[in-house]
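Trainee: Each chain, written out:
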Amino acid sequence: MIVATETAVDVVMPQMGVSVSEGTVTKWLKREGEQIEADEPLLEISTDKVDTEVPSPASGTVVQILVQEGETVDVGTKLAQIGGSAGTAPAPASAPEPEAAPAPPPVSVPVPAQAPVPEPVAEAPAPAPAAAPEPVAEPSGNGKFVSPVVARIASEHGIDPDQIPGTGRGGRVTKQDILAVVESGASPTAAAPSAPQAEAPAAPPQAPRLQPQAAAAQTGEQVEPVSAMRRGIAEHMRRSLDTAAHVTSAIEVDMSKIVAARAALKKEFQSAYGVNPTYLAFVARAATDTLKDYPYVNGELRGDSIVTRNYVNLGIAVELADGKGLIVPVIRNAEGLNLLGVARGIADLASRARDKKLLPDDVQGGTFTITNPGGYGTFHGTPVINQPQSAILGTYALVKRPWVVTDEDGNDAIAIKPIMNITLTYDHRLVDGAYAGRFLRDLRERLENWEGDGT
Amino acid sequence: MAELTYLQAISDALRTEMRRDKRVFLIGEDVGVYGGAFKVSLGFQEEFGPWRVIDAPLAETAIVGACTGASMMGLRPVAEMQFADFVSCAWDQLVTVAAKQRWRVGTPVPIVVRLPSGGGFSGGPFHSQNPESSFAHVPGLKCVCPATPEDAKGLLISAIEDPSPVLYFEHKHLYRRIKGEVPEERYTVPIGKARTHRLGKDISVITWGAMVYTAGEAAQQLENDGVSVEVIDLRSVMPWDKAAVLDSARKTSKVLVLHEDTRTGGFGAEIAATIAEEAFEDLDAPVKRIAAPDTPVPFSPPLEKAFIPQVEDVVAGLRDLAGY
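The listed protein sequences correspond, in order, to chains A and B. Start counting at 1 in the first sequence, then tack on 63, and there's your number in the working numbering. Start counting at 1 in the second sequence, then tack on 61, and there's your number in the working numbering.
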């Protein structure tokens, strides 16, 4: 009969980073029945980010090894038991969960040599030393505290704060320290974002990540760091072009009816609702209606499936001031809005985008996007699809052009008409040219035969 | 522009409004014949008569109750608590009646209650308190705490104009000690807007009332260490200028909240919590509070000095933040 003289302590697969969900046991350094000291290496594991040793969380006998070399298990899975009696191990209820698996530090990290022990205060007897020393997970290389603002600046500029000599208390990197590095532009000691030996087999092709790296300014050049938004746009645009088969079709639309409708409604909309019925609002309204008949244009290629919807979440591309970036807030359930509702939605999103008042939900869940670069007179373009959507509509400058019109008797004449070019850029993996052409034709029909307020 | 003391600026505001608007009247203990315990309304009864400068019995409940009723009948009463400490007697009228009226039935209660507050002259536990945090916690009441003569006049006029009950905390320590240029004409200082007392870039001090000057002196000392300290004078505690505080916090990333009232549950806690919630990613150090300890205000001069935050306490706090 075995009398358990030690408390059983579980060894679990540690969490080696937020994105790591599993690990492989590569080698056991102790066998069942052997003695081990706390913090002595017990096994080696491999994850898709790092290979490391796992130290023992306690001193005692290796009672049971539950996962064999070569096996891959989820983070948190019990790997072994130190101390206690073997029989209790598999019954989870009877084994007291000791502090739910303290994550051992990555072994490559030197644990700071013993935190200074506070002087025992006379009247407060020192508490009994904790049974299992609690290895504290060090957040970063040298384990120094990183304040919120330093963490934010570091992530915005792709800087590893551990590489900066700190002037704060205990060598902490202060905001001034990191700003000095940013301003010098010299050595944002890029923390290669945790991807050593990325030999992960059969990794899906990933968009090349924009690597933050120092750019030395040549004479006459100015160098500024890439903002988080710019980096996001860069990755998003590149990924879209790497994903979708972009094709653009264009159509010319006679906007006479829209110009008349807008003139008729403008005063009422502005005085009664404070909203400007922009051409964009008309096009958005007509496009939303047209999408009902062309579900793939409003759809998505998701893995092996094609997703279509009975709703339209309409993204509107909004430029932020001074070329500082672009954001695509979304009008939800645009199919349920009349012209006034759409105009109001666009005005609201645009103003909140520029005032930085958008909420995360405002920029998520779009199913189709409209971009309107025509304000500066451009008459054609090939926008990039907003992934994972399938198409993006571009609207361009409204210009008066000589236009051939045919009267009831079949006589042709040249008239002056307000013409707008509209493009549809679509993902040819899902949407074919003829389908896109019919979509544009129907959209043109709706705009050219607009009546009243379009409700 | 004339140079007026803080106290003269308060009198000037009252006189300006009483001359302009017949609905405005004063009521309080000894405000009439005696001219007020601190002589704020000296000569007012001669100018405006006993029906507009009313000597009340020693009954703060009656004073605030009468003001509330008069305001609902269209008048613009200004009550004086002889010392802010005595307002506790009027708690029920202020909190249960005046603060709730607009929410209950929609009628405005345009009363002003003047509260001579603050310590620094061995007034002891009943003549030295700063009870603004207690009232800032009551929805329906506004609380202003001017620090300069110019703000004392402008905020009092705003308070009289305001349709809500406004508690006007005037700091006794500033009455005759602080002088400044005050425009002679009528003007208002908006309730709810802070003022930058001193521009800086390394640490922000958020404060109000007499502590503005304590912070200013401490900031000057830090300047000699090469640390640039910004001092924000909140001016209004309710509503308070969250945007100005957050802007300053985002700029400097280190914040010291300073007040003369006691620490626990003081309004500084609200400010510190808001900064932590809304500017967390801009902080480079924990938000620090300096306030009086959680005791009544002591009589004894050395004890009172230990109680009220002093320049050297603020200097030590700022040095701690600077070195963080």
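What the hints contain is simulated information worked out from the structure, not anything from laboratory work. Keep in mind that this is a model prediction, so the values were computed, not measured. C-beta atoms are modelled at their ideal positions from N, C-alpha and C, and glycine is treated no differently. Hints may contain errors.
As the list claims (entries may be wrong) - Pairwise CB distance ranges, derived in the manner of DEER restraints:
| # | chain 1 | residue 1 | chain 2 | residue 2 | range |
| --- | --- | --- | --- | --- | --- |
| 1 | B | Arg80 | A | Leu421 | 45 to 55 Å |
| 2 | A | Gly366 | B | Arg165 | 41 to 51 Å |
| 3 | B | Phe341 | A | Leu421 | 39 to 49 Å |
Stated by the list, open to error - If the Cβ cut is set under 8 Å, some of the chain A residues that face chain B in the computed set are:
| # | residue |
| --- | --- |
| 4 | Ser210 |
| 5 | Val213 |
| 6 | Arg215 |
| 7 | Gln226 |
| 8 | Gly229 |
| 9 | Arg232 |
| 10 | Gly234 |
| 11 | Lys238 |
Trainee: Now tell me if each hint is right for this structure.
Mentor: Now the hints, each set against the structure:
1. Look at B:Arg80 against A:Leu421: about 51 Å separates their beta carbons, and that is inside 45 to 55 Å.
2. For the pair A:Gly366 and B:Arg165, the beta carbons lie near 59 Å from each other, so the given range of 41 to 51 Å is not met.
3. Between B:Phe341 and A:Leu421 the CB atoms are about 19 Å apart, so this pair departs from the stated range of 39 to 49 Å.
4. Look at A:Ser210: its Cβ gets to within about 5 Å of chain B, closer than 8 Å, so that hint holds up.
5. Because the smallest distance between the Cβ of A:Val213 and any Cβ of chain B comes to about 7 Å, under 8 Å, the interface hint for this residue holds.
6. At its closest, the beta carbon of A:Arg215 sits 4 Å from a beta carbon of chain B; the interface hint therefore holds under the 8 Å criterion.
7. The beta carbon of A:Gln226 is not positioned within 8 Å of any beta carbon in chain B (closest approach about 18 Å), and the interface hint is therefore violated.
8. Using the Cβ-Cβ criterion of 8 Å, the hint placing A:Gly229 at the interface with chain B is not satisfied: the shortest such distance is roughly 11 Å.
9. Against a cut-off of 8 Å between C-beta atoms, the interface hint on A:Arg232 holds, since the closest Cβ of chain B lies about 5 Å away.
10. Here the hint on A:Gly234 is broken, as its CB sits about 12 Å from the closest CB of chain B, past 8 Å.
11. Hint status for A:Lys238: holds, given a least beta-carbon distance of 4 Å to chain B, under 8 Å.
Hints 2, 3, 7, 8, 10 from the list above are not met by this structure, while the remaining hints are.
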